[in-house]
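Keeping their order, the protein sequence lines are chains G and W. All letters in the first sequence, in the order written, are residues 4 to 376 by our numbering. All letters in the second sequence, in the order written, are residues 142 to 517 by our numbering.
Quick caveat, the hints were computed from the structure, so don't treat them as lab data. Remember, predicted model here, so these are calculated numbers, not experimental data. Even glycine gets a Cβ: it sits at the ideal position worked out from N, Cα and C.
Restricting the straight-line Cα-Cα distance to at most 25 Å, the calculated cross-link-like pairs of lysine to any residue (SDA-like) are:
| hint | chain 1 | residue 1 | chain 2 | residue 2 |
| --- | --- | --- | --- | --- |
| 1 | G | LYS144 | W | GLY252 |
| 2 | G | LYS22 | W | ASN169 |
| 3 | G | LYS364 | G | PHE328 |
| 4 | G | LYS22 | W | ASP180 |
| 5 | W | LYS151 | G | THR154 |
| 6 | G | LYS59 | W | LEU198 |
| 7 | G | LYS351 | G | LEU316 |
| 8 | G | LYS85 | G | ASP73 |
| 9 | G | LYS351 | G | GLU339 |
| 10 | G | LYS78 | W | GLN197 |
| 11 | G | LYS151 | W | PRO193 |
| 12 | W | LYS390 | W | ILE439 |
| 13 | G | LYS82 | W | GLN197 |
| 14 | G | LYS170 | G | GLU193 |
| 15 | W | LYS390 | W | ALA280 |
| 16 | G | LYS146 | W | GLY254 |
| 17 | G | LYS59 | W | GLN197 |
| 18 | G | LYS22 | W | THR175 |
| 19 | W | LYS398 | W | VAL517 |
| 20 | G | LYS151 | W | ALA261 |
| 21 | G | LYS18 | W | ASN157 |
| 22 | W | LYS273 | W | ILE258 |
| 23 | G | LYS22 | W | ASN201 |
| 24 | G | LYS59 | W | SER202 |
Covered stretches of chain W, as calculated for chain G (at least 3 residues, CB under 8 Å):
| hint | stretch |
| --- | --- |
| 25 | 152-163 |
| 26 | 203-210 |
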Amino acid sequence: MGLQFLVSDMNYYCKKCNKYWNYPVCNCIFCGSELIEVKSSEYRVVGSTTVYIPSKSNEKVPYFVYLLEDENGEKIIRKSHKDYKLGTKVDFKSENKTLRSVGVVGTGLMGSQIAEYLLRYGNNVIIKTRDDSRGERVFSKIKTKISKSFTEEETARSLNNLLITTKYSDLSSCDIIIEASAEEIGVKLEIFKELSDNCDGKTIFATNTSSISIDELSKVSKNPENCIGMHFFNPIERMDLIEVIIGRETSEETKRKIIEFSKDLDKNPIIVNNSPGFIVNRLLLPQINEAILLLEEGVASKEDIDSAVKLGLNHPMGPFQLADFIGLDICLSILEVLSKELSDERIKPANMLYLMVNDGKLGYKSKEGFYKY
Amino acid sequence: MFIRGIGRTKFGVLSNSLPVLAYEAMINALNDSTVGIIDIDAIFISNFLGGPVNGQLHLNSVIASLIPEVNIPILRIETACASSSVALNQALHCINNFENIMIIGVEKMTGPGLIPITDAIAMAGDYEADYKNGLVFPAAYALIAQQYMRKYGIDHSLLEEIAYLNHCNSRMNPLAHFYYKEVTREMIRSSPIVAEPLNLFDCSPVSDGAAAVIVSNKKESDRDIEILSSRIATDTISITQRRDLTSFKSTIVASSKAYNEANIGPGDIDILEVHDCFTISELIALEDLGMCGPGKAIELIENGEISINGSIPVNTDGGLKANGHPIGATGLAQIYEVITQLRSEAGKRQVENPEFGMTQNIGGIGGTCGITIFGV
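All chains, full assembly: derive it from the sequences and hints.
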């Protein structure tokens, strides 16, 4: 795995004056000649340092800073989290090639965000969608978002790495496939079956489920050792956690590869054995449920409960705001899973939650939940 | 002392970065003059917000990387919105030690910034006592406008007229921020309030841009224009420490010294550029510079005296209001316009045979003033 770089590394050269500029300027200020764009593909590591103090744009320490030099002696600085020896040659043309081939099944909120995030990190991404019109929508959504922070050239390069398809067979050569479909066991089982039928024994199947058992899903796969959970959090760009969920059959090899993959995406993977709600939702949903009970019992207003949690527990959002943001239907389905799977009757979804979901008040996405939007 | 070359970029919302903007202005100034970059032996760089907005300080070294392996002395000057006229002033103080000095003004204000632009600009005012109590820049000028309007019994329509005149002039200046925009009196009148009584059209825009000039002790071309005087003066950072809010003492002090040195008076000026960061400051400038008595600017405007064909044409390039206000470049852009007029190269907006020109460049809320007088 090589240095990841997303910055354009063009130099501008005056042949007559033998001078270089790092900035995109057109003419030489000394002689007026038009400058030539020079782009190096191969650099050698001529200097390096390991940095242990964090700064605003470089919070994760330690990291490496490399001084690289091309065949003309022109130098650039690059940051990496990987260790290279002095003198190592870095071929940017091959570095430029995709790191992994990753399939994404599902084009909802999480699926499209995962695909976009993977593209930003230079991966080859294949999105499997149900029909072409969904495919077009997700393409323009990803394009718009990527072009906001990338130059035209970088955007074009990223979108070149994206394929959107309606056929499972197009996913056959993927290294990893992330399933991010609706949180329904029937739907997920069918997808896992299709994936197993279309891929060979090397592809890893990772589900982004927030509550469904990996062991249940892996039963329909020919290679249950390749099945694992990879739970991303919304919004992916800002949430650094990935819950890596290990099933009974998940192999060490699969686990190792997904941890490495998560780190390459600049995320912090944590390991959790398959169990209802894993860690985050097992802690979060009972809290949301308890907040709704407080409201039902008339102990406090929803605004004051949100304020209490924000100011007293230092959470960025209160439980009602967060529940609206997650979606009340999703909250309810996770609570039902927790309630069913945890032997004692520790958790019983609040009545108010059932009523609201039945009324179609699903939170932010339906413009009304505990709050109106 | 002579201006031997001028250059600028277009002003507006531009995609170029700060160094590339500076480079373009430098090349344009060199192309306009008879000197080459190797004849330049010192540079002054003027910029206001490089640190807080662009995350880039040590700008003299940034300029050095635009002229690799030249290694001449370069110095950055910052006096808020007056940075570039003060940079020129400092260059002139050094001129006996050098052959040719280049002065560059540059500002990159649009696009993502480290801190929001309103807060960054507020750094030109008093931070502890005023900004923390909500006195952002438009609010400070709103208080001044209110004082002025009360004192002389004028209403907002006079300010609207100033915005209108500047926008009309900018339609003749292809490099102006609002060259493309046709502005009507109705648009000005009905624009949203920013800080009572000022609305959007009382405020200069947030612009990117750069300007550069080359100065020398020697005149070598007919197009070289003589600098008769460059003077600066200062005043308190907070308006709360001033006795009079309807006049800027720094303008009065700097301009009277400059008139003395140039040995001319206000009546001799044929082309004038004033610092209309807000419309009210154009009114105040006309009075502080002695173009009319206190409270009499209304007459100059109503009688058409400040239009291109009037007795004292003001802001023929569109002023800060419509030419744009890339802060560190603004003072040099004013000088660019006056030199262009004195050379009779202003095309459609040319003033008839101007002999003396003056620029007034304000920093903060009159905390700094740079006055420059030119003659042919």
